[in-house]
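Here is how the chains run, residue by residue.
6 protein chains.
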Amino acid sequence: MRIADRLLATIDRVSSPQVVHAHCDLPCGVYDPAQARIEAESVKAIIEKYQQNTDPEFRERCVIIKEQRSELVKHHLWVLWTDYFKPPHFEKYPQLHQLFNEATKLAGAAGTKGSTDTSKADELLAKIEEINKIFWETKQA
Amino acid sequence: MRIADRLLATIDRVSSPQVVHAHCDLPCGVYDPAQARIEAESVKAIIEKYQQNTDPEFRERCVIIKEQRSELVKHHLWVLWTDYFKPPHFEKYPQLHQLFNEATKLAGAAGTKGSTDTSKADELLAKIEEINKIFWETKQA
Amino acid sequence: MRIADRLLATIDRVSSPQVVHAHCDLPCGVYDPAQARIEAESVKAIIEKYQQNTDPEFRERCVIIKEQRSELVKHHLWVLWTDYFKPPHFEKYPQLHQLFNEATKLAGAAGTKGSTDTSKADELLAKIEEINKIFWETKQA
Amino acid sequence: MRIADRLLATIDRVSSPQVVHAHCDLPCGVYDPAQARIEAESVKAIIEKYQQNTDPEFRERCVIIKEQRSELVKHHLWVLWTDYFKPPHFEKYPQLHQLFNEATKLAGAAGTKGSTDTSKADELLAKIEEINKIFWETKQA
Amino acid sequence: MRIADRLLATIDRVSSPQVVHAHCDLPCGVYDPAQARIEAESVKAIIEKYQQNTDPEFRERCVIIKEQRSELVKHHLWVLWTDYFKPPHFEKYPQLHQLFNEATKLAGAAGTKGSTDTSKADELLAKIEEINKIFWETKQA
Amino acid sequence: MRIADRLLATIDRVSSPQVVHAHCDLPCGVYDPAQARIEAESVKAIIEKYQQNTDPEFRERCVIIKEQRSELVKHHLWVLWTDYFKPPHFEKYPQLHQLFNEATKLAGAAGTKGSTDTSKADELLAKIEEINKIFWETKQA
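Residue numbers (the numbering used here), protein chains in the order written: chain P, 1 to 141; chain U, 1 to 141; chain C, 1 to 141; chain W, 1 to 141; chain Z, 1 to 141; chain X, 1 to 141.
Since the hints were derived computationally from the structure, they do not count as laboratory data.
Just to be clear, a hint being listed does not mean it is correct.
Copies of the same chain are indistinguishable here, so a pair counts whether it falls within one copy or spans any two.
[What the hints assert, rightly or not] Dumping the calculated DSS-like pairs for lysine-lysine here, alpha-carbon to alpha-carbon at most 27 Å:
| # | residue 1 | residue 2 |
| --- | --- | --- |
| 1 | Lys139 | Lys49 |
| 2 | Lys92 | Lys133 |
| 3 | Lys86 | Lys105 |
| 4 | Lys86 | Lys49 |
Take these sequences, add in the hints, and give me the full structure.
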């Protein structure tokens with residue numbers, strides 16, 4: 001999708017409050033990858049603050065909160081993978097399983113939980129953006 | 001702010017991944033009323049499904065999950081009220097305390113927890129939208 | 001209220017097991033600021049132990065647990081603010097919104113979460129005591 | 001302990017903010033059976049409201065919240081039993097193990113979780129009061 | 001693997017307390033599909049009790065607890081899928097992604113959360129057993 | 001029970017998927033000390049990794065996760081003590097109360113939470129094994 005199209009899609013989505021996107025396991029049908037993205041942005045901001053502040057107690061708080069927020073990223077992604085995406089989606093996007101597996105791993109021990117390197121958070125955000133793109137394609141289908 | 005300006009602001013915000021809006025209590029600085037809104041949209045969708053389905057077990061699940069999602073709305077709003085908004089904001093927007101108090105009450109026993117009436121969810125979403133508007137005004141200030 | 005009166009009020013309250021004070025969002029009607037106060041006392045005790053013990057691992061545990069207990073203080077205060085206090089209370093005590101906002105901030109990043117200074121815990125306990133006083137006045141009204 | 005003494009002890013305790021009673025597992029040393037009692041009072045109030053209101057959806061909410069609050073009673077009691085009480089206490093009060101076991105059972109399936117009978121909540125509150133009495137005796141020892 | 005071999009493997013595993021199988025995201029390296037299986041067995045037992053007891057309040061408790069235990073099944077399976085299994089496993093067992101996706105769906109709205117049919121719990125347990133078999137094969141590799 | 005008998009019992013248990021052992025507070029009747037044991041094995045593995053790695057951030061994560069996993073050990077043991085074991089069991093095994101009290105203490109501040117010594121984890125695992133043995137004896141009675 002070209003950038004222009006994406007902006008139009010974005011405007012359409014943001015300016016249409018009546019269009020909702022489910023996420024609980026009733027299921028209510030309201031899903032939105034923004035939930036995972038916001039937590040991942042938080043993880044990235046925590047890592048940046050960690051890099052800029054050498055106070056040991058502050059850094060401990062960074063590690064504690066980064067652990068919690070990374071876990072939330074994993075949770076929101078797992079919910080999308082299991083509850084929102086259905087067999088026809090996995091058929092159309094055969095890379096989807098691996099994409100989610102890699103994204104959740106990037107929020108774990110080999111990713112933002114186990115690292116204080118900003119690049120890990122960037123990789124995580126990029127994977128979430130890939131998922132986000134597919135998500136909105138399936139919503140418009 | 002005119003609608004055109006708001007759309008431009010929205011495009012700018014959504015298409016600029018480097019602009020983040022904090023929400024954890026490090027604080028990481030990433031806040032976004034979308035977290036409360038998504039849960040409130042879920043609450044509304046649950047109520048609609050409740051109205052359309054008289055199966056007792058399904059309705060029980062609606063009540064259980066509506067309770068949880070309403071609690072999440074309250075939590076996300078409390079975090080904004082305590083962690084994001086600062087004394088100068090409360091000075092500039094003197095209605096802000098009452099707005100948050102009413103919004104969180106609307107997600108409680110006198111609101112979406114204690115009711116299966118869609119209008120309660122609509123009132124809640126409207127309050128969150130009022131908060132959302134003020135929030136983005138303060139971000140651009 | 002003079003100290004003598006307060007002691008009498010205290011005796012009356014403590015020795016009357018049949019008087020209960022609600023706190024869940026049914027609502028059950030059982031509220032008690034003691035829940036926030038006990039957690040805040042815990043936070044203060046943790047900070048004191050932190051000051052008296054330089055073992056790094058012990059101090060890490062202090063930071064972890066102080067984070068959790070401060071969050072509980074915030075939660076119990078939010079519940080009182082949203083669920084117990086009603087419009088007539090806010091009219092009678094116009095300082096109440098700000099009081100709760102400051103108290104919950106004192107249990108956050110700018111307070112006991114972000115600090116290992118006993119004075120922060122003392123400030124938090126003093127705010128909770130102010131809330132406690134108003135709470136019991138409204139219960140007797 | 002005579003009632004007069006208990007009242008004096010109570011005044012002393014309540015009016016002395018520097019005397020704290022630990023409850024987290026640092027341990028901070030701040031324990032207070034009031035935490036379990038407040039939740040049990042909530043459970044009793046929920047049951048009373050259940051008895052007075054036959055609206056099915058309201059009753060469902062009662063069952064959901066009674067389940068949660070009963071679990072909190074169990075948790076607060078377990079913490080006292082494992083974290084506060086030490087071998088010398090169990091030697092001095094040989095009934096203590098059974099007392100805690102019965103109290104936590106009374107907040108479970110055979111007690112307030114599995115029943116909507118007020119008498120179960122009363123039995124639970126009575127057991128907690130027995131624990132409370134022993135607790136304060138050990139604090140004064 | 002023949003049944004005889006599997007029994008021997010089982011004996012070996014159970015009788016060797018020093019052999020551990022990690023599950024937290026340090027990672028500690030201790031994983032065990034038994035965690036998901038025990039919760040799924042609980043879900044099945046809850047459904048059986050639901051079928052045998054028509055008391056409305058008891059059935060409500062079944063629905064509440066079935067919801068929680070099904071969520072735990074999903075969580076334990078997600079942890080295995082993201083944290084334990086690595087790219088070489090997915091190469092060797094190309095069905096693994098779909099297996100986990102189907103298993104977690106079977107603990108959700110289209111499975112044990114949304115149904116009180118014992119057969120759904122049996123399907124879930126069968127999927128977990130398939131995962132369990134692959135898990136132990138990879139541990140012995 | 002001789003070792004040979006115990007192995008046979010183990011085979012029987014593991015290879016008979018229809019034999020379940022309850023754990024939720026419906027109660028569903030599915031209990032299994034394996035839940036506490038797996039978490040305790042995780043705690044032990046975390047301590048071992050802590051000893052082998054002096055990276056400060058890694059060690060902080062060890063302390064954070066050890067705290068959580070130790071809490072889970074306590075929770076699973078409390079559930080067995082309150083929900084599974086009944087008065088006749090306590091009569092037949094008079095040491096049972098003290099055994100659970102010591103085991104849960106070993107997962108707390110005086111045990112694996114407050115220590116990074118492998119021997120504490122070994123003591124905890126040994127206590128859980130004692131409980132496990134009694135548990136399976138009562139299941140076969």
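Measure nothing new, just compare the shortest in-copy and cross-copy C-alpha distances for Lys86 and Lys105 to 27 Å and report within, between, both or neither.
Cα proximity of Lys86 and Lys105: in one copy and across copies (21 Å, 10 Å).
At most 27 Å between C-alpha atoms: does Lys139 with Lys49 qualify within a copy, between copies, both, or neither?
Answer is between; shortest inter-copy Cα gap is 20 Å, intra-copy 36 Å.
Is it within, between, both or neither when you check Lys92 against Lys133 at 27 Å Cα-Cα?
within (14 Å within a copy, 29 Å between copies)
Within, between, both or neither: how does the pair Lys86, Lys49 come out at a Cα-Cα threshold of 27 Å?
The answer is between: 20 Å across copies meets 27 Å, while 39 Å in one copy does not.
Taken one by one, the earlier hints all hold for this structure without exception.
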